[in-house]
Structures are given as structure tokens and as C-alpha cells.
Amino acid sequence: MDWFPLINSLRIAGISTVVIFFLGIFAAYYIAKAPRAVKGILDVVLTMPLVLPPTVVGYLLLRVLGPKRIIGAWVLETFGLKLTMTWWSAIFATAVVIFPLMYRTARGAFESFDETLAHAGQTLGLSNRYIFWRIRMPYCRQGILAGTVLAFARALGEYGATSMIAGYTPGRTATISTTVYQLWRTNDDALAFRWVMINMAISAVVLLAVNMLERKRRTRKEAA
Amino acid sequence: MALSVDIEKTLGDFHLRVKFEAENRVLALLGASGCGKSMTLKCIAGIERPDRGVITLDGTTLFDSGRGVNLPPQRRRVGYLFQQYALFPNMTVEQNIAAGVRDRRRAREETAEAIAAMRLEGLERKRPHQLSGGQQQRVALARILVNRPEVLLLDEPFSALDSHLRFQLEQELRGAIRRFGKTVLLVSHNRDEVFRLSDEVAIMHDGRIETTGEKKAVFANPRTRNGAILTGCKNVSPVEAIGERRARAVDWGVELALPASADGVQYVGIRMHDVRLADAQGEPNAFLCRVEETIENPFSCTVLLRPEGAASPIGWELDKERWRQIRAERLRVCLPPESMLLLKE
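Listed in order, the protein sequences are those of chains S and D. All residue numbers for the first sequence refer to our numbering, where the first residue is 1 and numbers rise by one. All residue numbers for the second sequence refer to our numbering, where the first residue is 225 and numbers rise by one.
One or more of the hints may lead you astray.
Here are a few chain S residues that face chain D, going by a calculated C-beta distance under 8 angstroms [stated by the list, open to error]:
#1 G80
#2 L81
#3 T116
#4 H119
#5 Q122
#6 T123
#7 L124
#8 G125
#9 Y139
#10 G171
Restricting the straight-line Cα-Cα distance to at most 25 angstroms, the calculated cross-link-like pairs of lysine to aspartate or glutamate (DMTMM-like) are [said to hold, decoys possible]:
#11 K350/D - E115/S
#12 K216/S - E111/S
#13 K458/D - D503/D
#14 K458/D - E569/D
#15 K33/S - D416/D
#16 K33/S - E569/D
#17 K243/D - D430/D
#18 K39/S - E272/D
#19 K440/D - E464/D
#20 K33/S - D237/D
#21 K350/D - D189/S
#22 K568/D - D416/D
#23 K350/D - E77/S
#24 K216/S - E569/D
#25 K243/D - D503/D
#26 K406/D - D423/D
#27 K82/S - D188/S
#28 K33/S - D275/D
#29 K350/D - E318/D
#30 K544/D - E479/D
#31 K68/S - D188/S
#32 K406/D - D416/D
#33 K216/S - E115/S
#34 K440/D - E318/D
#35 K350/D - E374/D
#36 K568/D - E553/D
#37 K440/D - D498/D
Under 7 angstroms between C-beta atoms, here's a sample of chain S residues computed to sit facing chain D [unchecked claim]:
#38 A120
#39 M137
#40 A209
The hints are simulated quantities; they were obtained by calculation from the structure and are not laboratory data. Backbone N, C-alpha and C fix where the C-beta goes; we use that ideal spot for every residue, glycine too.
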């Protein structure tokens, strides 16, 4: 059995989760402080990929990253790099799709933060960076971790946008989800079933992890 | 360590306008909730930004809207004791206190000293949610004091505690304030706390300071209706002047001799324990009252007395034993002119 789709799926999901972890937290932190009107608009825009069909996301991405489109053409000309149809092209797709998950859970966590803790830190002379990483983030840790795990799980299952922007090339761009589709299409039911089981096993582990984090958070809140 | 504050801030339809100074003493801001006392502390600490004004601490300008100065809270050297103490929940007692030490190299020894001074030994590795309210307050105080602030702001320091804990914690806080020795601002709506802990009192109402002065002077003459109520005067009635030193108390339906000119006086107040039984005939401000109700307190009685035709009764607080001796359905009582509080709106 060729394990490439598993490795490829894990690295795409892993890299996009790391990127979105920081981007999502950054957006959540600043948008939570923004004026109400700005918040409302940004919320709609940033949550959009969660409800759009993945094919629409794929279409939009191809519109900007395709070799003849604005960004795609510029990158191709300046760096000689094609942004589509490589294994890492899928990272664009998964990142856009999982961003809302990370952003929304992080924002929820930040909104439950008790601001007097930050004020106390400031009056004690602690830097804003210290307050963010040593007080705010630990306080919101459970929510942010749950969001990260969910985002990772969703990235692992991304199909529509990925297949449009990275295609399906065995051994090069194939992921678990695109492999399952190809195997089913070519009537290799046994192998398709095996990949389905692998995918379900990973998802089950991830959901268990989310549940454990949630429970831990709840018992902590009760104890506090 | 002189603190001078003169600021304005508008929030919605609330307007804060306060001006005061304090130097090496305990100044209490006494006011009902929502009067702007906490907002004032936040402006001094730099957590809230006033619209206009100047705040200086011992010659250093913390805020000056005219010159565009607004020091961040980190550089103001203000120790702020929050109502719920704001201990960092993810840190142990030890880590919480160490976070307050400005000189990182001395964090270990200063934390150890503070733990000993605040009698927190044995709790070093506990987290805030494992502590009692009193212990939390001691940790918060320790964390503030190792930070070596130039001024201490105490925001309703006992509001998070059960009443039976307050007395002991008040003694501890008094000790900490004495050792601190610099300017302290205490915000409270509790007149007893304010009287016991402070040197000076400023009575706040609706974003303004109405009366300010030495605590005994303010309690003896609160000057405004709100001041009288906040300092614990339960009997207040509007008055109409009917002579040079005479006025009619509208709610009580009686005419009163006042200790000073009735000019400009809008209300009179008399504290419940200043009411007394009338003795001689012809005594001023003595009235026959019907005893409407007797309310028993743990160690005293409150008797509600209604003069003939009065809209609301006058409360009289007296010793239980004494009440047992004199109890009757009708009594002649006296509101001594020298105990009368002459008040404005």
C-alpha cells in the first residue's frame, strides 16, 4: 500500500493549521476589540468560507492564484513558481476553509476573558506581550486548543477546493480524500474502504481530543 | 507623595467631573454604585482615558490632555486592588506575587519576603481558586506591594467577602495601609468602612464630588442630602423656611428650630441615635408622636415615630433595655437643634 496520501494529507493539514493558528488568533484578538460596525462586517467576510461550498472557494482561489491571474501570474513571473497543481497548493485551499473555525473559536475564547486581569497586569508594569502570552492565552487555552484541533480535522477532510487547486496526481498531490474519490471512481472498492477506515480512525481520535478538552474546560470553570 | 486629580469624562449620558488632592493620607471616595468612583480610579491607573484634565503624582504628570501626555498604566506606579482581586488564575500564589516584582533578578527573594509578611506560608503552590476570599485578598495585596507603587487604589476592598470575614480583613488592610505610608484612595459605599479606614472623605454623587474634608467634619456636617444618606443618616425631610431660624419639615409635618440660618437650607436630617425623649416643657423641637412600629435589631431597637399628620415617620434608634423602660403608644420626643443636619440638594 502506498502511504503517500496519508503523509500528504497530514503535512497539508499540519502546515495550514499552524499558519491559521496564528492568523486566526491575531484576527480574533484585534477584531474582538474593534468597533461594533467593523466587527459585524469583518465577521461576515471572515466566516464566509465556513458556509460557502468548497467548490466556490476553489473557484475563487483559482481566480486569483491561477497562472494567468493577478497573483498567480505575478508569482510565476517574479519567482518562476506555479501556485497551482503542486502538493502545497492544497494548503491555500485548506487554510481558507479552516480559517473561520479557528477565528470563531478563538474569538469566543477571547470574549470570555476577564479584562480586569489584563488591567491588573498593566498596573503591575507587565508588558502587553507578557500579558498576552502569559495571562490571556493560558486563560483561553482550552477554547483555542479545541479550535485548533477542529481546524486540523477539517483540513484533513478538505476535498472540493483542494481537488480544484491541486488536482489529483498519485504520488504528488493525492490526499486521502481525493484518493478515496479516485479509487471509488476506478472501482477499487477494497482500497477505497481501507482509506475510509483510516480517515474515520483519525477523525475519531480528533473528536475524542476535542471532547476531552471541552470537559476539562468545563470542570475547570466549575472549580473556579 | 501628592496625588492631584482634575478630570472630566463623558460616557453615554454619564458625566464624570472630579477634582481633588491627597497627600500621604487615606482619602475615601464614598458614593453609591454608579456614581463614578471606580471610573475615577481607572482614570488614575490609566485603564480608562479621561476626555480632559490633568493627573499628577508627586510632580510626575500621568495625564495631561492639554499637553498630550498619557502615560501607559505600566509606567504610572499605581497599585490597584481590584474588587475581585484579579489574581492570574493560571499562576500559583508564588507566581502571582513574583509577577509583581519589577526587578526580575530579585523576584525570588522579594516574593519570599512578601509571602512571610502577608502570612501566606504553605499556600505558595496553590492556585487562586483554591484560596478563601481573605487569602485571595492577601495575595493580591502582596502582589501590589512588591511592585512598590507610589499610590494605592482600593476598589471596594471587602465587597467580595462574607461579612464575618470583613472585620479581620479590615484590621489587616489597616496594617498594610499604615506600613505603606503613602497616599491611599479608598472607594467604598460602606460608611463604617470609610469612617474606620480613612483620614479624609469625599462624598461622590452622579459623577461629582459634593463634599470633601476631614472624615469627622464630613460625618458631622455632610452638607448635602446625598451626603447625609451616605454617611448613614436615615431621617431626611425637605423643608420650607418660615423664619430666620425656623423651618417646616414637609415630610414630618412639624415646625423646627434650626441651629443656624434657614437661608438656602433645602433639607434637614437627624441621625436615628440623635433623637431623644423630650424632658422639660417648652423645649424646642419636641413633638408628640404616635409609635407606629418597633423594629428589633440584634443589639438595639428602631422605633418609628409619626408626628400628627406626618407623611413619613421619624426613626429613633435606642438601646433595647432603655426602650423596655419607656415604651408607650404615644411619646414626646425631641429633635435637638444642635444635632440637626442642614442640607442642600
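Against the structure, the hints:
{"no.": "1", "hint": "G80", "result": "violated, 48 angstroms"}
{"no.": "2", "hint": "L81", "result": "violated, 43 angstroms"}
{"no.": "3", "hint": "T116", "result": "holds, 5 angstroms"}
{"no.": "4", "hint": "H119", "result": "holds, 5 angstroms"}
{"no.": "5", "hint": "Q122", "result": "holds, 4 angstroms"}
{"no.": "6", "hint": "T123", "result": "holds, 4 angstroms"}
{"no.": "7", "hint": "L124", "result": "holds, 5 angstroms"}
{"no.": "8", "hint": "G125", "result": "holds, 5 angstroms"}
{"no.": "9", "hint": "Y139", "result": "holds, 6 angstroms"}
{"no.": "10", "hint": "G171", "result": "violated, 46 angstroms"}
{"no.": "11", "hint": "K350/D - E115/S", "result": "holds, 23 angstroms"}
{"no.": "12", "hint": "K216/S - E111/S", "result": "holds, 19 angstroms"}
{"no.": "13", "hint": "K458/D - D503/D", "result": "holds, 24 angstroms"}
{"no.": "14", "hint": "K458/D - E569/D", "result": "holds, 16 angstroms"}
{"no.": "15", "hint": "K33/S - D416/D", "result": "violated, 40 angstroms"}
{"no.": "16", "hint": "K33/S - E569/D", "result": "violated, 41 angstroms"}
{"no.": "17", "hint": "K243/D - D430/D", "result": "holds, 14 angstroms"}
{"no.": "18", "hint": "K39/S - E272/D", "result": "holds, 22 angstroms"}
{"no.": "19", "hint": "K440/D - E464/D", "result": "violated, 28 angstroms"}
{"no.": "20", "hint": "K33/S - D237/D", "result": "holds, 22 angstroms"}
{"no.": "21", "hint": "K350/D - D189/S", "result": "violated, 58 angstroms"}
{"no.": "22", "hint": "K568/D - D416/D", "result": "holds, 23 angstroms"}
{"no.": "23", "hint": "K350/D - E77/S", "result": "violated, 60 angstroms"}
{"no.": "24", "hint": "K216/S - E569/D", "result": "violated, 55 angstroms"}
{"no.": "25", "hint": "K243/D - D503/D", "result": "violated, 46 angstroms"}
{"no.": "26", "hint": "K406/D - D423/D", "result": "holds, 12 angstroms"}
{"no.": "27", "hint": "K82/S - D188/S", "result": "violated, 32 angstroms"}
{"no.": "28", "hint": "K33/S - D275/D", "result": "holds, 20 angstroms"}
{"no.": "29", "hint": "K350/D - E318/D", "result": "holds, 8 angstroms"}
{"no.": "30", "hint": "K544/D - E479/D", "result": "violated, 29 angstroms"}
{"no.": "31", "hint": "K68/S - D188/S", "result": "violated, 36 angstroms"}
{"no.": "32", "hint": "K406/D - D416/D", "result": "holds, 22 angstroms"}
{"no.": "33", "hint": "K216/S - E115/S", "result": "holds, 22 angstroms"}
{"no.": "34", "hint": "K440/D - E318/D", "result": "violated, 40 angstroms"}
{"no.": "35", "hint": "K350/D - E374/D", "result": "violated, 29 angstroms"}
{"no.": "36", "hint": "K568/D - E553/D", "result": "violated, 34 angstroms"}
{"no.": "37", "hint": "K440/D - D498/D", "result": "holds, 16 angstroms"}
{"no.": "38", "hint": "A120", "result": "holds, 4 angstroms"}
{"no.": "39", "hint": "M137", "result": "violated, 9 angstroms"}
{"no.": "40", "hint": "A209", "result": "violated, 21 angstroms"}
This entry does not satisfy hints 1, 2, 10, 15, 16, 19, 21, 23, 24, 25, 27, 30, 31, 34, 35, 36, 39, 40, going by the numbered hints stated previously.
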